[in-house]
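Protein chains in written order, with this note's numbering: chain A, 6 to 344; chain B, 6 to 344; chain C, 6 to 344; chain D, 6 to 344.
Warning: the hint list may mix true and false statements.
One copy or two, either will do: identical chains are not told apart, so a pair holds if it fits within one copy or between any two.
[Stated by the list, open to error] Using 20 Å as the maximum straight-line C-alpha spacing, the simulated SDA-like pairs for lysine to any residue come out as follows:
no., residue 1, residue 2
1, Lys-61, Lys-309
2, Lys-248, Ser-138
3, Lys-248, Asp-71
4, Lys-335, Asn-59
5, Lys-335, Gly-48
6, Lys-23, Ser-312
7, Lys-265, Ala-315
No lab work stands behind these hints: they were computed from the structure.
Just so it is clear, the structure is predicted and the values come from calculations on it, not from any experiment.
4 protein chains.
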Amino acid sequence: MIIQFTDNATIKEKEEVKSVLASYSFRTRGVITGGASYLVTVGSEELDIRKIGNMKGVSDVHRVEDDQKLVSRKWKVDPTIVNINGTAIGGEEITIIAGPCSIENSEQVATVASFLKQNGINIMRGGVFKPRSSPYSFRGVGLEGLRSFHEICSSMGIKVITEVMDNEQIDDMYDYVDIFQVGARNSQNFTLLDAMGRLDKPVLLKRGLSGTIDELLYSAEYIFSGGNERIILCERGIRTFEKSYRNTFDINAVPVLKRKSHLPVIVDPSHGTGIRSIVREIALAGIIAGADGIMVEIHETPAKAVSDAAQTLDFVEAERLFYNARATWKFREQLSLPV
Amino acid sequence: MIIQFTDNATIKEKEEVKSVLASYSFRTRGVITGGASYLVTVGSEELDIRKIGNMKGVSDVHRVEDDQKLVSRKWKVDPTIVNINGTAIGGEEITIIAGPCSIENSEQVATVASFLKQNGINIMRGGVFKPRSSPYSFRGVGLEGLRSFHEICSSMGIKVITEVMDNEQIDDMYDYVDIFQVGARNSQNFTLLDAMGRLDKPVLLKRGLSGTIDELLYSAEYIFSGGNERIILCERGIRTFEKSYRNTFDINAVPVLKRKSHLPVIVDPSHGTGIRSIVREIALAGIIAGADGIMVEIHETPAKAVSDAAQTLDFVEAERLFYNARATWKFREQLSLPV
Amino acid sequence: MIIQFTDNATIKEKEEVKSVLASYSFRTRGVITGGASYLVTVGSEELDIRKIGNMKGVSDVHRVEDDQKLVSRKWKVDPTIVNINGTAIGGEEITIIAGPCSIENSEQVATVASFLKQNGINIMRGGVFKPRSSPYSFRGVGLEGLRSFHEICSSMGIKVITEVMDNEQIDDMYDYVDIFQVGARNSQNFTLLDAMGRLDKPVLLKRGLSGTIDELLYSAEYIFSGGNERIILCERGIRTFEKSYRNTFDINAVPVLKRKSHLPVIVDPSHGTGIRSIVREIALAGIIAGADGIMVEIHETPAKAVSDAAQTLDFVEAERLFYNARATWKFREQLSLPV
Amino acid sequence: MIIQFTDNATIKEKEEVKSVLASYSFRTRGVITGGASYLVTVGSEELDIRKIGNMKGVSDVHRVEDDQKLVSRKWKVDPTIVNINGTAIGGEEITIIAGPCSIENSEQVATVASFLKQNGINIMRGGVFKPRSSPYSFRGVGLEGLRSFHEICSSMGIKVITEVMDNEQIDDMYDYVDIFQVGARNSQNFTLLDAMGRLDKPVLLKRGLSGTIDELLYSAEYIFSGGNERIILCERGIRTFEKSYRNTFDINAVPVLKRKSHLPVIVDPSHGTGIRSIVREIALAGIIAGADGIMVEIHETPAKAVSDAAQTLDFVEAERLFYNARATWKFREQLSLPV
């Protein structure tokens with residue numbers, strides 16, 4: 006059950022509701038997000054919900070069968086639009102996020118940011134703390150690089166998305182990040198998810214390497230129930246037996262996530278394939294299947310990129326993709342496809 | 006190496022070429038298809054190919070690094086168009102194949118065939134020998150049903166595609182089948198593939214449940230090297246850890262197969278998802294990613310279908326899909342997408 | 006439900022039972038094996054089974070919840086012992102099957118057979134029809150080789166197990182084979198399974214590359230319900246994301262299969278690993294986990310083997326394995342481990 | 006390359022070595038563990054290593070081809086024995102770790118600890134911070150529970166192993182933990198691995214849900230190269246298509262890890278199966294395949310356990326397992342099995 010309180014519900018009214026629920030052996034969890042105040046109940050739920058709905062301070066009650074309640078579309082039918090200072094994800098415009106795998110230096114940031122600006126794109130990705138399988142690989146330019154990344158971008162009106170790997174990094178990163186990314190390897194790092202729930206900035210949550218749809222939604226529920234409802238889901242390919250590509254992009258996940266959850270869904274065809282020459286096809290496939298946008302790796306000279314060179318588009322390829330992606334988005338509207 | 010002989014090459018000339026190749030320790034395999042006569046060589050290949058190219062009776066020589074040589078695009082750059090009595094797969098028109106999972110009776114065939122006819126579709130699918138995990142499940146109407154299936158369809162100008170499970174069935178089926186389908190569970194049934202190679206009818210080859218891209222192309226190579234070059238590849242979802250869907254549709258396979266092979270590629274979003282409500286999105290994703298067509302399960306009343314009800318479209322859903330699929334095909338042409 | 010008839014039940018009595026069952030909307034399947042005559046029913050099963058148990062000609066009735074009824078341990082509690090002319094699989098002695106991946110020539114057969122004889126092993130494996138991913142790979146010595154393989158072995162009292170790939174091969178192979186092997190790629194070749202059900206020789210059924218426990222038991226049910234109860238299950242590794250080994254040997258399958266089914270279970274650590282140096286450890290692990298025996302690839306000079314060289318043991322390694330395997334079997338008896 | 010310095014090497018001597026290596030374009034990483042001081046080099050490595058070996062302050066130089074250098078057996082041939090205040094893991098005695106999935110209360114700890122003591126077991130497992138898919142599940146008794154867990158155990162001479170989920174927890178946990186466990190979901194949490202490298206307590210590192218052998222060894226390399234060489238690897242089952250068990254225990258990993266690395270390997274048959282009735286078989290299989298020990302979940306009344314009830318042994322089952330495990334260990338010594 007999800008109980009939404011009225012804006013002016015008093016503490017006493019809320020406690021009253023909790024107490025009634027407790028008398029029916031429900032466990033409850035209070036959730037206060039930027040937008041509203043809720044109680045989520047877990048329990049056997051054999052109770053006439055009108056009993057709660059009629060209580061003072063209660064604006065709405067929903068019975069939600071899904072285990073992931075707050076992120077479920079069974080509770081919230083309308084899609085969530087995540088706003089980042091005027092930029093919307095999940096709304097009527099396609100979201101395009103692009104940038105290098107790793108931030109390398111200011112020149113690179115400036116070059117890519119200008120390129121994005123010219124192409125009307127206002128969210129730039131770039132890793133500064135890099136999760137790498139080997140301890141001897143390049144592990145990112147760190148905080149210093151992030152500051153310069155953010156400075157250049159913000160001066161051009163471009164938002165910054167970058168990966169956070171650990172709770173200890175959050176405070177230092179906070180001022181220089183517009184969207185926090187939780188990476189595939191941290192998709193079930195629950196203390197990090199808890200911390201993301203306490204943030205007042207949006208979070209892009211990647212699906213784990215072998216994460217199920219249910220687990221991804223549970224991880225999103227961690228963030229939402231922690232108090233942050235500005236969550237973006239990201240399908241980025243899963244690990245299978247097939248070794249012709251780095252990962253197997255799971256296109257089924259796109260319409261399934263859109264149906265199960267009200268949260269926006271972004272696709273990452275760069276990691277989803279690991280193969281530059283098919284990134285465009287998979288990006289467009291993701292869009293036509295219902296995604297709210299794409300996130301792709303680009304670099305002025307992919308061959309010189311310090312990481313992920315094989316899946317990174319050059320600027321010519323990127324422009325073609327942006328053009329095609331927007332055309333596909335428009336085309337999809339005519340089909341009135343998803344959900 | 007692939008050596009193509011001229012149309013009027015004599016047996017003696019061919020033997021001469023083989024003998025030179027043998028002197029360089031190459032193993033050779035002679036391949037005669039409806040279209041041409043080839044020698045495929047397997048070996049260390051350190052030989053100036055001009056030496057062979059200049060011999061009498063030789064029209065062309067190619068060094069092909071891929072292990073799957075005859076189906077490789079490195080050998081044959083232009084896409085293969087498979088002709089079935091005037092219907093082309095792999096050409097400028099989208100291919101749409103539709104029909105029930107299982108053929109049930111003549112009324113059902115007539116109803117579906119009429120529906121397809123009205124929608125301008127001229128290939129109908131329908132299983133008469135059904136591969137079923139359990140021996141106690143319905144295993145198809147068999148040969149008698151196939152005859153009636155074919156009779157009704159051919160009277161309406163509709164081609165029949167159905168699955169062959171065993172070499173012993175081929176002769177009996179031959180007159181009533183326009184395209185033989187090799188199912189996912191038989192994707193590495195090599196004696197069946199050998200037999201398909203000896204056929205003069207087209208073969209639609211499904212990828213195995215856990216078949217790799219390489220294995221699918223090897224299986225196609227079996228058929229081609231056996232003498233039949235009219236092969237259609239079919240991506241139908243793979244088996245992964247994810248249990249929210251029956252199979253995980255591998256969208257990456259579409260552009261990868263199109264790049265590696267000259268053979269047409271069809272997608273099967275019905276088996277690729279197992280979920281009726283997302284069949285359309287995945288079908289369109291497959292098309293935009295470069296597929297030459299789609300194969301979908303439809304039924305007048307899916308709830309009454311004897312098999313695969315959960316993934317079968319009703320006629321309203323099917324019409325919407327056909328309409329969208331054709332629009333997406335046209336849209337893709339403007340993007341000039343694949344390869 | 007499984008209804009076992011008395012040995013002298015008349016046709017009329019059997020028809021009477023069927024007719025009663027039909028009146029309760031049960032579908033039935035008659036099964037006659039070498040050992041007994043049964044009716045298997047499929048249906049909603051709300052019937053007092055005593056009603057059937059009291060009918061003439063009925064010796065026993067069991068309600069079996071498992072979908073795979075005849076191979077279920079819920080029906081037949083005692084383990085099945087498969088007898089092959091005096092050699093028992095599934096009984097009190099460990100079964101050891103060994104031999105080359107592919108039969109190469111008579112000398113090789115004689116060498117291996119003598120080695121086995123010296124080591125008290127009386128079942129020899131060896132492929133003569135080889136399922137190979139590539140059509141250009143060595144595909145076996147064929148029927149001629151099988152004859153000589155069988156002749157040498159039978160003269161030494163050694164039984165022959167070899168893979169059958171197709172129904173068309175069965176008749177020709179019949180006289181020269183003591184145990185028919187159904188390979189992993191044919192694990193769901195249902196027409197082949199049907200044919201195995203009509204045979205009066207034992208069948209070793211390998212699990213498919215991505216075959217589930219349930220599918221393996223269903224495939225066994227095909228054979229049993231076809232009339233052949235002499236079935237041996239074989240775990241040989243499954244396909245996963247891990248590429249450090251050819252396959253991932255699924256040790257869990259051993260105790261799970263032993264608990265679910267009364268059929269004997271053999272492990273194949275050669276294919277289960279693809280790595281010669283760990284074959285022994287995995288073989289012993291399989292035994293201690295409850296397997297009834299092992300099947301391993303051996304060759305006098307593995308480096309010269311025409312196939313599977315990397316996973317084939319030489320004679321020294323093989324002897325060490327045989328010695329260890331028997332010791333582990335004895336040790337397990339003291340622990341009184343499985344089931 | 007791994008360069009080990011002599012105990013009394015001066016800073017100047019070390020800098021001299023680094024400088025020579027830098028002149029050959031090697032990147033180097035200094036590693037100081039409790040036991041010794043090393044330089045690990047990453048680079049193209051075309052250098053006569055005697056040149057380095059003859060320098061002052063250098064005790065030993067090894068060329069190591071493996072990417073995971075410090076944990077590789079190619080560098081350190083002898084197995085590592087991890088000592089925890091007198092208790093050794095990886096030595097001549099089998100290691101048995103047991104305890105509940107979750108610590109519940111003092112009575113439970115006392116009951117289990119006494120049971121372990123009676124059975125001669127001196128490492129107890131028990132989660133106090135629980136990684137749970139759902140935010141609404143029980144997430145552990147936390148630090149307070151850990152203190153009491155440790156107090157009871159230490160008074161009985163039993164060591165405590167528990168999972169750490171986050172860098173922020175380390176300081177608070179430090180005094181109450183004898184072995185830090187990094188869980189499967191944190192197997193590639195690189196900042197946590199870095200922190201583990203700075204610890205002077207042993208770390209048990211679990212393989213990820215879909216972690217490869219290489220990734221597990223890389224994660225161990227993080228810890229070792231961070232300065233902590235007291236690492237224990239743990240195989241706990243991987244995620245595959247098979248749904249008859251919670252995870253698929255990867256028995257191949259045991260001998261492969263033992264061959265590739267000098268670190269001790271523990272198996273966790275509880276998570277590796279998720280099925281109480283086969284835990285014992287899989288534990289014994291792990292031992293015979295070369296594991297240095299086992300970690301199992303036990304509870305006085307499994308049905309009442311707050312988590313993982315289905316895979317938890319009761320005390321009778323546990324005693325039988327301990328007895329069998331020790332017998333199998335002794336039996337393995339006679340076979341002189343691994344490596």
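Cross-check of the supplied hints:
Taking the closest pair of Cα atoms, Lys-61 and Lys-309 never come within 20 Å of each other, the shortest separation being 63 Å inside a single copy and 38 Å across copies. In this assembly of identical chains, Lys-248 and Ser-138 lie within 20 Å of each other by CA distance both inside one copy and across copies; the values are 18 Å within and 16 Å between. In this homomeric assembly, Lys-248 and Asp-71 come within 20 Å of each other (Cα to Cα) only across copies, at 16 Å, whereas the closest approach inside a single copy is 34 Å. When the C-alpha separation of Lys-335 and Asn-59 is checked against a cutoff of 20 Å, the pair qualifies neither within a copy, at 45 Å, nor between copies, at 55 Å.
Proximity of Lys-335 to Gly-48 under the C-alpha cut-off of 20 Å is found in neither arrangement, the shortest distances being 44 Å within a copy and 49 Å between copies. Taking the shortest alpha-carbon separations for Lys-23 and Ser-312, neither the intra-copy value of 51 Å nor the inter-copy value of 26 Å comes in at or below 20 Å. In this assembly of identical chains, Lys-265 and Ala-315 lie within 20 Å of each other by CA distance solely across copies; the values are 18 Å between and 33 Å within a copy.
Checked against the numbered hints listed earlier, the structure breaks hints 1, 4, 5, 6; every other hint is satisfied.
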